[in-house]
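> Protein chains in written order, with numbering that gives the first Met the number 0: chain A, 0 to 298; chain B, 0 to 324; chain C, 0 to 328.
In short, the hints are calculated from the structure, not lab data.
The structure presented is a predicted model; accordingly, all values stated were derived computationally and were not measured.
Please note: incorrect hints may appear among the correct ones.
Partner residues are not named here, just some residues of chain B that face chain C (Cβ under 10 Å, in silico) [what the hints assert, rightly or not]:
(1) Gly51
(2) Glu52
(3) Glu180
(4) Gln192
(5) Asn195
(6) Gly198
(7) Leu200
(8) Glu203
(9) Val217
(10) Glu219
(11) Thr223
(12) Val258
(13) Ser266
(14) Asn278
(15) Pro282
Ideal Cβ positions, reconstructed from N, Cα and C, are used throughout, including at glycine.
So the chains spell out like this:
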Amino acid sequence: MARTIETVAEELRAPSPAAILRKRVFGHYGLVFGIAVLAVIVLIALLAPLLAGHDPYAQDLVARMKPPFWMEGSDPEHLLGTDHLGRDYLARLLYGARISLSIGLFAALISGLIGTAMGVAAGYFGGRVDLVVTFLINVRLAMPVVLVALAVVAILGGSLQVVVCVLGLLLWDRFAVVMRSSVLQVRDLEYVNAAKAIGCSTRRIILLEIMPNVVNNLIVVVTLEMAHAILLEAALSFLGLGVQPPTPSWGLMISEGKQMMLFEPWLIAIPGVALFVLVLAINLLGDGLRDVTAPENRG
Amino acid sequence: MSDKTTPPVLELANVTKTYQVKQGLFSAPRPLHALGGVSLRIHKKDVLGLVGESGCGKSTLAKVLLGLEVPTSGKVLVDGKEITPRERKLQARRIQPIFQDPYSSLNPRKSIEDIIALPLVAHRIGDAASRAGSVRRMLDLVGLPQRVLKGYPNQLSGGQRQRVAIARALVMNPEIVICDEPTSALDVSVQSQILNLLGDLREELGLTYLFISHNLAVVEHLATRVAVMYLGRVVEEAPAAELFAGPRHPYTQALLESVLTPDPNLSVPDTHLGASYPNPIAPPPGCHFHPRCAQVRDICKTTPPPHVAGPQGHVDCHLHAAPAR
Amino acid sequence: MTTEPILKVENLTIDVPMAQGTLHAVRGIDFELRRGETLCIVGESGSGKSLTSLALMGLLPKKMRCKAAGLDFSGIDLQRQTPKAMRALRGDRMAMIFQEPMTSLNPAYTIGDQLMEALLLHRPVSKAEARARAIELLGKVGITAAESRLGQYPHQLSGGLRQRVMIAMALMCEPELIIADEPTTALDVTIQAQILRLLADLQREMNMAMILVTHDLGVVARIADKVVVMYAGEVVENGSAREIFENPRHPYTRGLLRCIPVPGKTKPGEHLGSIPGIVPSLIGKVEGCAFRSRCEVAEDACSSPVPVRRPGTDHAYRCIHDIPEGASA
Chain A
0 MARTIETVAE ELRAPSPAAI LRKRVFGHYG LVFGIAVLAV IVLIALLAPL
50 LAGHDPYAQD LVARMKPPFW MEGSDPEHLL GTDHLGRDYL ARLLYGARIS
100 LSIGLFAALI SGLIGTAMGV AAGYFGGRVD LVVTFLINVR LAMPVVLVAL
150 AVVAILGGSL QVVVCVLGLL LWDRFAVVMR SSVLQVRDLE YVNAAKAIGC
200 STRRIILLEI MPNVVNNLIV VVTLEMAHAI LLEAALSFLG LGVQPPTPSW
250 GLMISEGKQM MLFEPWLIAI PGVALFVLVL AINLLGDGLR DVTAPENRG
Chain B
0 MSDKTTPPVL ELANVTKTYQ VKQGLFSAPR PLHALGGVSL RIHKKDVLGL
50 VGESGCGKST LAKVLLGLEV PTSGKVLVDG KEITPRERKL QARRIQPIFQ
100 DPYSSLNPRK SIEDIIALPL VAHRIGDAAS RAGSVRRMLD LVGLPQRVLK
150 GYPNQLSGGQ RQRVAIARAL VMNPEIVICD EPTSALDVSV QSQILNLLGD
200 LREELGLTYL FISHNLAVVE HLATRVAVMY LGRVVEEAPA AELFAGPRHP
250 YTQALLESVL TPDPNLSVPD THLGASYPNP IAPPPGCHFH PRCAQVRDIC
300 KTTPPPHVAG PQGHVDCHLH AAPAR
Chain C
0 MTTEPILKVE NLTIDVPMAQ GTLHAVRGID FELRRGETLC IVGESGSGKS
50 LTSLALMGLL PKKMRCKAAG LDFSGIDLQR QTPKAMRALR GDRMAMIFQE
100 PMTSLNPAYT IGDQLMEALL LHRPVSKAEA RARAIELLGK VGITAAESRL
150 GQYPHQLSGG LRQRVMIAMA LMCEPELIIA DEPTTALDVT IQAQILRLLA
200 DLQREMNMAM ILVTHDLGVV ARIADKVVVM YAGEVVENGS AREIFENPRH
250 PYTRGLLRCI PVPGKTKPGE HLGSIPGIVP SLIGKVEGCA FRSRCEVAED
300 ACSSPVPVRR PGTDHAYRCI HDIPEGASA
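Can you build the whole structure from these sequences, using the hints too?
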C-alpha cells in the first residue's frame, strides 16, 4: 500500500515511558537513597518481633537506665540500653517504627482519599462544586492543626486510632489544592475531549484518562503528608496527648527521656535520630519522585 | 454527490449556542452568540469544508456535533433522526473526531493499542480478542506498522500520531468524521500524507467529513461543498468548485483573495478588509460584516441580510437580494 | 544592487549539548543580505531555521554553542560583542518580531509605555518626542485612533492588532535589519495577508533588510527576494525567489513544492506529492546528505561529502547529482 510510505524507514524512535522512568529512577541518587533507607525501616518494623529479642513492654526495675553499647557500663543484653523502667530501648525503638510508619501511612491514606476526591471533583466539574470545595479548603487552612488536634485528642482520649483519624481528617488540604490544580490543567486537553466525544462515561474519563496523568503529583503530596503526620504524632505524643504509654512511640520515648536529658542525652538522641532519618528518607523519596516523574518542571 | 433526493446524513436545523459572558465582577453577564442559527446539510460521501476566521464559531459547531456542548436551541439530525444531548453515546458511535494537535489529543500514559481500542471498550463492543483484531486492521488501514501497537505516543512523530488519531476515530465504523484543523499542526511534507490518507479513506469506507480549516487551499483540494462562517452564521454555502470559481459573498471574496499561492510573480494581495474582526459580544447591527465590507450599502448597516437560496446553495447578502427597487 | 551586504553569515554552526550526545542543530550555513532585500528562510520543524534567527540576534540559550567563521553585521563582528554591546544593538539597529504577539508584549504595561521605552532606551530623546514617534508609527502600521491606543494594555487588543504593535515597536529606532520569526503563523489568513503587506511596504519605505523565517511556501513566494531552504540544519538550496519556485533543483525543494495543493494546478481530490520518512536524528556525527534517507534519487555516494552546485549566479544547491533544469527528481 502506498500510504505506508512514511513508515517504511522508521523505527520506534524513543524508548517507552516505562524504560525512561526506570533509567531516571536509578540515575537519581537522592531517590535511590530514600527508597533504600525507607525499605530498611519498613523491614525493621515488619520484623520487629524477630529482631528485638526483648519484649518492649517488659519492665526490669533492676536493670534501669543501662547505657547503650558505646558507653561504659553497657550491658550486652541491651545494645541500646534500657529506659527508666528498665525496658529494652532497642526493642522499643524497633516497635516504635511500626507506630510511626502506620500513623504516617494511614493518616496520609485517609487524608489522601478525602483530599483527592474533593480536589478532582472541584477541578473536573468546576462551577458550584469548585466553589464549595474551595470554601472548605479555606476553612480548613484557617484552623491551626496542632491546636485542633490537641483539643480533639484531649476530649476523645489519646490512642493510635484517634490520632490517625484526627490527622487524617486534618491533613487533606494539600491533596485537595494540588489535585484541583492538576486536574484543571489536564481537563481541557484534547485527549479528554476525545474521550468525551467517543462516549466514555464520566467515571471512566476521571479514572482512566485524567488520573494517570496527575497521579505523579499525588505521590509527591503523599510523601510530604506522611512525613508531616509522623512529625505531628511525635509532637502530640511528646505533649502527652498522642499515643498513650506504655505504647512504644518515638515521640513518647523522647517525652519520657526529657527529664533525664541533661544526664543521659542518649535517651532522647536515639529516638530523635530515628525520627530524623525516617522523615529525611520520606522527603528524599518525595523529592526524587517529583524530579523523576516530571523532569520538565525542574529548573 | 450532493444528491437532493436522498436525506442528508447529517443535518443541523437552526442550531444556536449562547454563552453568558461575565465581563466584570458586578456587571450582569452578557450573551455571546457563538452560533446564531446555523443550518447545514451534509450528504453521504460529501466533504463539507467549514472556513472562517478564529472566533467565527466553527469550533463551537464541532463541539456541538460531538456532543461536547449542548446547543441552546435547534436540532441535530443524523440520517433524519433527531439526536438529543441525552443520547451522547449513540451520537458518538456515528460521529467521531480528529483533533488539531496530535500531541495533546493522545493520552501520553496509554499505549497505542489502548488508545485505538478505547471507543470499543467504552461502548463494550466485542471481547479482548476481537478488539485486538480491529485495532490491527485499523493500523493497516491508516498505514502504521504493527510494531507501534505496544508503543506510546511520545515514541511517534507528529504524522504518525495523527494516523493513530484517525485510527481511533475510524475503529467504530462511524459515518461522519469531524476533522478540526487536522493538518495545521503538521509539517508541510507530513500534511500532504495525511490529506492523501483522508481522501483515500473516504473513497474506501464511504465516509462523510466535516472538514474545518483555515487553509483555503487545503479546503479547495479536499472539499466537495464549502460553508463560510462569519460571527456565528453561515454567510455562504455552495459546491466547492462553484464557490471557488465565483464567490458571491464579499467576505468569501476577501477570504479567497487572501490565499497566498506559491507564485513568485505575485505580491501580497490587498484584501480590503479594513477594520478588524468585530467583538462577538457586541456584534455590529444589520449585516455583521458591513464594517469590513468593501461593497457596503446603506441598507447593510441597519437591516440583517436576506437569505438568498440558489439551486446549489445559499448566500446571506443584500447584494444578491432579488431586485426589489 | 551592488552595495556591500549589511549582513554576512559564514559557516554558522549551532550545537546543543543533550543527555544523549551533541545535537548538531545547525551545520555550516552561509548567506548574505543587502539593504532593501528580503530573505526568507524556509524549512520544516527541526530544520534549525528559528535557531539561526536567534543566533543572529544573540538570543540563543546559554547552553547552546554557536560558532561561525564570520558573523558580520554592517562591519560589526557579532561574535566579538559583549552582552552589553549586543543589548545596545538589539532593538536599535536590529530588531526582531516573534510569532506569538501575546507572549512577546508585557501584559503589565500599556502599549504606549512599551513603544516609548524601545526608543528611550537607545536614543537621547525626550518623552514627548518618543510619544510623538509612537503615535506616528502606530499610524504607519495601520492602527486607527493611535493616540487613544497608547493607554491600552495588550490584552485589550486582538491578535492582528497586537502583531501590528509588535511591528511598530520593532521599527521605533529605524533598524537596518529586521528579523521576523513566523510573524503570521498565529493569525488568520485575512490578517496574515494584511500584516505581510504591511511588512513589505514598510521594508521598502525604510530601506531595511528583512529576514523572514517561515514554513509557509505561499508567504515565501509572495514576499521574498532571496530564499534559503533549510533541511536538518543545512542549507540545501538557495537562490532568488523566482529561481527557487520556477526552477527548483534540490529533491527536497521539489518535494516540498509538490506537497502543497495549489489552486488551479493540483486537481481537487487528486493525490498530493509527499516526502516519505522523517527528519533524521542530528545527534552525534552527521555525514553526507541529511536528506538521503527520504530522497528518491539517493544512492551510496550520498553518504560522502556533498558538493555545492551553482546552476546560475544567484542559485546554488547541495546534491551529488547534477540535476538538470525542469527534470522531475
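> Each of the hints needs a verdict: does it hold here or not?
Hints, verified against the model:
no.	hint	verdict
1	Gly51	holds, 9 Å
2	Glu52	holds, 4 Å
3	Glu180	violated, 12 Å
4	Gln192	holds, 5 Å
5	Asn195	holds, 5 Å
6	Gly198	holds, 6 Å
7	Leu200	violated, 13 Å
8	Glu203	violated, 14 Å
9	Val217	holds, 6 Å
10	Glu219	holds, 5 Å
11	Thr223	holds, 8 Å
12	Val258	holds, 7 Å
13	Ser266	holds, 6 Å
14	Asn278	holds, 9 Å
15	Pro282	violated, 15 Å
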